[in-house]
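J.: All chains, please: the whole structure from these sequences, using the hints.
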Amino acid sequence: MAQGQEARATREAVPPVSRVAIIGGGISGLAAAKQMAAYDPVVFESTPSVGGVWKHCVYRTTRLQTPRPDYEFSDYSWKNRDDPSFPTHTEIVDYLEGYADEFDLWRYISFGSKVVDIKFLGGAEAGFTELWSGTGKAPLRGKPMWEVGVVTGDSNIVQYYKFEFVVMCTGKYGDVPRMPVFPPGKGPEVFKGTVMHSLDYCKLSEEETVELMRGKKAVVVGYKKSAIDLANECAQANQGEGGQACTMLVRTLHWVVPSYSIWGLPFFMFYSTRFSQLFYERPNQGFFRSLLCRLMSPLRAGVSKFIESYLSWKLPLGKYGLTPDHPFVEDYASCQMAILPEGFFDMADRGLVRFKRASAGWCFSENGVVLDDGTKVEADLVFLATGFEGKDKLREVLPKPFRDLVVGKSSMMPLYRGTIHPLIPNMAFVGFVESVSNLHTSELRCRWLSGLLEGRFELPTVKAMMGHVAGEADAMRRTTRFYRRHCISTYSIHDSDGMCADLGSATLRKANWIAELFAPYNNKDYKEQ
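If you use numbering that gives the first Met the number 0, the sequence shown closes out at 528, no skipped numbers anywhere.
Think of the hints as simulated: they come from the structure by calculation, not from any bench.
Warning: the hint list may mix true and false statements.
Ranges between beta-carbon positions, derived for each pair [said to hold, decoys possible]: (1) Arg293 / Val16: 48 to 56 Å; (2) Pro400 / Leu277: 38 to 46 Å; (3) Thr151 / Asp100: 19 to 27 Å; (4) Arg213 / Leu277: 46 to 54 Å; (5) Glu341 / Arg476: 33 to 41 Å; (6) Pro176 / Gly317: 30 to 38 Å; (7) Arg394 / Glu341: 32 to 40 Å; (8) Thr128 / Gly470: 18 to 26 Å; (9) Lys113 / Val406: 19 to 27 Å; (10) Ser358 / Lys78: 40 to 48 Å.
Derived BS3-like pairs (lysine-lysine); straight-line CA-CA distance at most 30 Å [stated by the list, open to error]: (11) Lys523 / Lys78; (12) Lys375 / Lys185; (13) Lys408 / Lys223; (14) Lys399 / Lys462; (15) Lys191 / Lys216; (16) Lys304 / Lys223; (17) Lys355 / Lys171; (18) Lys113 / Lys390; (19) Lys304 / Lys355; (20) Lys223 / Lys171; (21) Lys202 / Lys78; (22) Lys161 / Lys118; (23) Lys223 / Lys375; (24) Lys161 / Lys390; (25) Lys185 / Lys171; (26) Lys462 / Lys142; (27) Lys78 / Lys171; (28) Lys171 / Lys526; (29) Lys224 / Lys304; (30) Lys313 / Lys216; (31) Lys171 / Lys390; (32) Lys390 / Lys202; (33) Lys215 / Lys355.
As the structure is a computational prediction, the values presented were derived from the model and not from experiment.
Beta carbons: idealized from backbone N, C-alpha and C, even for Gly.
T.: Next comes the structure, spelled out in structure tokens:
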């Protein structure tokens, strides 16, 4: 179905008043456009293309961490879904463009349209009522509630458009880098070399990255997926005569995984079936459910140790001092498990990647970096793979008092069903909850949101929704020390059940009870009939 770019007719003009605005043209934005097509939504995308982070915030070797069948829309399959390799970022963008072709989503998208301001039109008290948006249901009532300011192309002129409802799909990654803060005289200003955040590295071509790193002593700050991939590229660029080692500064250790097979068993057996998720904490669970979780804690610990034993055997974690001191499940439950690029530890064995623990902190010096224990690491380049401040993107455009409500006491966004902020009317947030498959998480939330706009169900009171959100934070806190991330990996099926129940759809989606308990759930189980 894929068409040539020249055949894709995008939105040419935005009406002064419309029903639904969608901000962002990544995975969540496309899913939202498809589900809300009945309202002729306006999709504002600041760049010239769809794809979000997969188009604009990846390295040349970046691959998806999820198998293809677990990362596809329920009604649009990969053409090569049986290919066991993890898709490259270019394959993912092609897949998303094919999805937009299949459902004619291009006509809703206004490219090169950056949202720089949002004004609330509903009055000072509209966000603080007993029921969300005043009624708790069917928020499209013919009255504009938001005015969206947009800058197009190279123009500095802000044009405003009114909407009844706004869906924020700007995501947690890209655009706003998270930068470490240093005392005076110990920051990048004293360093003679080059300092670059991974966001800026993503903008370089392959030739530019090789030229930048070849023969240079590089330090990569971080030990999550983006840091590991960047160190791997640095090592590749420095193979052969004249090459230099890349040093990773590791502040917090996390478990890394070579593949989705543990001692020959498929990974889904441990966390992705209804039976396996019975033994993990859920938000707002009752007494007997809590008792079951308590009784099953030895089993949970055993599963985690079983996986840890395989990883410690398969990977040279002990050799390099990279064995975490926390259980594997805590990384899985906080969506911090990273899939290793092929041959990563081979590069380490050849001396092209080195590791330095920096658990107590570090700072810059004239010739490199200095750890808090006094260890000096010489460097020509320092890459900051320190993540992004996705919530800051929201704060930049949301008006007061709503911008101050973006983060709750738990440091997570307080989103009911991972979508609705109880105190922000006629607005939804998609793509801010993490799981093993963020695509599935976003697609089902967009379907749920479409049902809300259609009036198929009513929301609980604001107080009840805030209580539900607090329950999710409590469940995370009981499961992992890294609870400040809104991750649903250990109760994803229960999360989906709740949305299906709201929509009046079946919660049990398998053909028989054996499959219901022991087969993995994926997007195909939620295909609309």
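J.: All hints, please: hold or fail.
T.: Against the structure, the hints come out as follows:
1. Arg293 / Val16: 48 to 56 Å: Because 55 Å falls inside the window, the suggested range holds.
2. Pro400 / Leu277: 38 to 46 Å: Holds: the Cβ-Cβ distance is about 41 Å, inside 38 to 46 Å.
3. Thr151 / Asp100: 19 to 27 Å: For Thr151 and Asp100 the Cβ distance comes to about 24 Å; the hint holds.
4. Arg213 / Leu277: 46 to 54 Å: holds (52 Å)
5. Glu341 / Arg476: 33 to 41 Å: Given a distance of about 36 Å, which is inside 33 to 41 Å, the answer is holds.
6. Pro176 / Gly317: 30 to 38 Å: holds (33 Å)
7. Arg394 / Glu341: 32 to 40 Å: holds (39 Å)
8. Thr128 / Gly470: 18 to 26 Å: holds (22 Å)
9. Lys113 / Val406: 19 to 27 Å: Given a distance of about 23 Å, which is inside 19 to 27 Å, the answer is holds.
10. Ser358 / Lys78: 40 to 48 Å: Since the Cβ atoms of Ser358 and Lys78 sit about 45 Å apart, the hinted range of 40 to 48 Å holds.
11. Lys523 / Lys78: holds (15 Å)
12. Lys375 / Lys185: holds (13 Å)
13. Lys408 / Lys223: Distance ~25 Å between Lys408 and Lys223 Cα, so the pair holds.
14. Lys399 / Lys462: holds (21 Å)
15. Lys191 / Lys216: Given that 30 Å is the threshold and the Cα spacing comes to 13 Å, the pair holds.
16. Lys304 / Lys223: This hinted pair holds, its Cα atoms lying about 21 Å apart.
17. Lys355 / Lys171: holds (28 Å)
18. Lys113 / Lys390: holds (17 Å)
19. Lys304 / Lys355: Holds - the C-alpha atoms of Lys355 and Lys304 are around 26 Å apart, at most 30 Å.
20. Lys223 / Lys171: holds (15 Å)
21. Lys202 / Lys78: Measuring from Cα to Cα gives roughly 29 Å; hence the hint holds.
22. Lys161 / Lys118: holds (9 Å)
23. Lys223 / Lys375: Roughly 23 Å between the alpha carbons, so the hint for Lys223 and Lys375 holds.
24. Lys161 / Lys390: holds (23 Å)
25. Lys185 / Lys171: holds (29 Å)
26. Lys462 / Lys142: holds (25 Å)
27. Lys78 / Lys171: holds (28 Å)
28. Lys171 / Lys526: Answer holds: Lys171 to Lys526 is near 26 Å, not above 30 Å.
29. Lys224 / Lys304: holds (22 Å)
30. Lys313 / Lys216: holds (29 Å)
31. Lys171 / Lys390: Holds, at about 7 Å.
32. Lys390 / Lys202: holds (22 Å)
33. Lys215 / Lys355: holds (18 Å)
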